[in-house]
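Chemist: Given the structure of chain A, go ahead and fit chain B onto it with the hints provided.
Chains as they are written, first to last, in my numbering: chain A, 4 to 329; chain B, 812 to 972.
If you're looking for bench data, these hints aren't it; they were derived computationally from the structure. If you're wondering where the values come from, they're calculated on a predicted model, not measured in any experiment. Every residue, glycine too, gets a C-beta built ideally from N, C-alpha and C. Any given hint could turn out to be false.
According to the in silico footprint, chain A covers these stretches of chain B (three or more CB under 8 Å from chain A) [stated by the list, open to error]:
(1) 834-841
(2) 844-851
(3) 880-888
Taking lysine-lysine and the BS3-like style, the derived pairs with C-alpha atoms no more than 30 Å apart in a straight line are [stated by the list, open to error]:
(4) K34/A x K827/B
(5) K34/A x K835/B
(6) K309/A x K827/B
(7) K309/A x K818/B
Here's the letter readout for the chains.
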Amino acid sequence: MSFGTEILIKVGVVLAFALNGAVIFTLMDVKGSAWMQRRPGPLHVGLRGFIFPLAEVIKFIQKEDIIPTKVDKTVFKLAPAFILFSVFGLFVVVPISPTLVVADLNLGVFYLLAISTISTLGVLTAGWSSANKYSLMGGLRAAGQLIAYELPLILAVVGVVIQAETMSLVGIVEKQIEWGLPFVIAGQGVAFVIFMIAATAEMMRIPFDMPIGESELVSGFMTEYSGIRFLIFYIAEYINMFVMCAIAATLFLGGYHIPLLPVEWVNFYGPVSLLTKTLLLGFILVLVRWSFPRFREDQLQNIAWKILIPLSLLNILITSVMKVVF
Amino acid sequence: MKDFRPKLPGFLTGMKILLVNMFKTLSPLTKNPNVNYPFEKEIVAPRARGVIALDAEACTSCMLCARQCPDWCIYIEGHKELQPPSKPGGRERSRAVLDRFDIDYALCMYCGICVEVCPFDALFWTPEYEYSEYNMGAMLHDKNRLDEWLKTVPETGGLEN
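Bound conformation, chain B alone:
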C-alpha cells in the first residue's frame, strides 16, 4: 500500500512557492542570487560563451567562417604577399595577410559555428561580456578589438594525443 500524503491543491502550492521565495528574498539570512550589475561585476563561469575572440596571427583568411556564418556577420578582407625564400636560392613563398576581420555583433547570434569550423584555431569563445555600444554601427568590432579579447580566453588542456 502506498503511503498516503496529503497534498496541497495545485493553486495553493504555487502561492506557497511564491511566499517562500518572497521571505527568502527579504530575509538577510539567505544568500541573494542577484548581482547589482553595473555596480558589481558578475563572476561568470570560466568557459562562458560571452563573445568571440580572434587570434589574427593564426588566421589565414580562408573565409570558411564567413561562409558558414548563418547571419553573414563576419567580414574578411586579405591579400597575398611574397615571402623571401627560407633558404638561399629557394623559391619565394606567398603568404596570406589579413587586412580586415570584422564581426558585426549587432547581427551575430552567438551560434559558435565560426569557432567550430575554423581549421586553424583562430577563433575562440571568451567569457568577456561588456562590449555594448551606444549605436548600432559601433557594434561592428574590428580585428584589433577581437585580438584584445584573446587575452581573456581561458587556457585549454590542449588537444588529445
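Chain A extracted, bound-state conformation:
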C-alpha cells in the first residue's frame, strides 16, 4: 500500500471515529440529562429521537453564517479550525488495539499534551477577533482557565509516565497488562481524579464553564459565531470530550485491555473495551455536569493552583520514590 493511500484511509477512519464519537456523546449528554431530570428528551426526530444530532447538523449547515462587520475576518474565520485541528490531532496516538493505532509515537503523551494546547489558541483568537466585549472576556477567561488546568493535566500524566517508564500510549497499556491491573488501582488513583477534573476544565464543561458562562457572558467566545462555524465549536466540544475520555481510559483504565481476558484476543475485544470505558467516563462527566453548579472564577483558579497542582506534584514525588524503592 502506498503512503498516500495509507494516509487517506487513516484520515477517513479518524474522521469517522471522531464524528461518530461526537454524535454518541451529544446523544448521551442530551438523552442522559433528560432521563436524569425525569424527561423523555428529544423524541420526534426519527427512532425516538436517537438520530436528532444529524438533524441538528443539517439545521446548522443551512443557517446563515453571519460575520459581523468589525471583526478581524481572517482570524475570525480560522479560529474554529484551530480547535478542530487540535481535537482531531489527539486521535492520532490513541490506540484502539495494539495494532489499530494511527501512529504509535514514542513521545505519544508529550504529543497529546502539546497538541491539546492548540485549542487554547483557537479559543483565544475566537474571543479576540470577534470585536465583542463578551467574546473578549470569555476568551480571556478561557485562556486563564486553560493555562491553569494544563498544568495539573500534564503533572497527573507525568506520574503515569514514571510508573510506565514509557511515553508511548501503546507502551503504557502494555505496561498495565504486564502489571495485571489498570493504573487507576495500581497506584495512580489520585492522578486519575486530577486528570479527570483537569480534563473537564479543558473541555470547558459545566462545573468549569466560566468562559462560556451563558448567564453572564451570553456565550463567551462563541457569541458572534453562527451557522457552520458555531457547529464546528459545538462538535469540537463533544469530540474533545470523547477523545479526552478515551485518553483517560487508555492512561488509567487499561485502555483496550480488560484484566483476566487473554491478551492474544486483544485485537477482537480491544475496540469494544476501549469504547465501553470511554462511554463510562463520558457518563460520569454527564452526571457531574447536571449535579454541579458553576465555579466562580477565583474558586476555579484556587482549585487549580492551590489544590490540584500541589497534589499532582506530591503524586509525582510518591510515584518516583516508589519506583526507586521497588
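Modeler: Relative to the frame of chain A, chain B by itself:
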C-alpha cells in the same frame, strides 16, 4: 447522645439523586410523570387558572377590570340603550350594552385582578389552555371566544349565606 448516621458528601448525594431519577425514568415499573402533550392531553386540576372567560350577559361594561389591569390588555366598548318600561306608563330605563370585550392574551400576565375586581361576577378563571395562535395579533380574543370558554368554567359551591 445523637445517633450517628454516616452521611454521603453533598456532591455525591446530588449524583445519587440524578442516578436514581435516571433509573426511575428508564424503568417501565415506575409511573412516568410526563405527558406527551400534542398527542395526549394533560388532565389539569379542575380549578386550574388557564384562561379568563367572560359572561357577557352579566357584564355591565363598568370598565373596572380594564382600569385595574396592570397590562392594559382589556378593551371594552359599550353603549346605552333605552329599555321599554316594565309597567305601562312607567319611565324608560337605560341599559348598558356590551359591544366589544377583547383581552389581548399576548399582553395578559394572568394576574387575575380583573376576575377579583369584577363586581358582577362576569369574569371567571377556566382550566382551558389551548388557545395559542400563529401570529401575535390573533392572540387578541374577542367577546365570542371568551364566551365560549364560559362552558368550561367549573361549578362553584355558591356564595356564603
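Chemist: Now tell me, hint by hint, if it's right for this structure.
Modeler: Comparing the hints with the structure gives:
1. 834-841: Check passed, 3 qualifying residues.
2. 844-851: holds (count 3)
3. 880-888: violated (count 0)
4. K34/A x K827/B: 18 Å, holds
5. K34/A x K835/B: 14 Å, holds
6. K309/A x K827/B: 28 Å, holds
7. K309/A x K818/B: Between K309/A and K818/B the Cα gap is close to 27 Å, so the pair holds against 30 Å.
Of the numbered hints given earlier, the model fails hint 3 alone.
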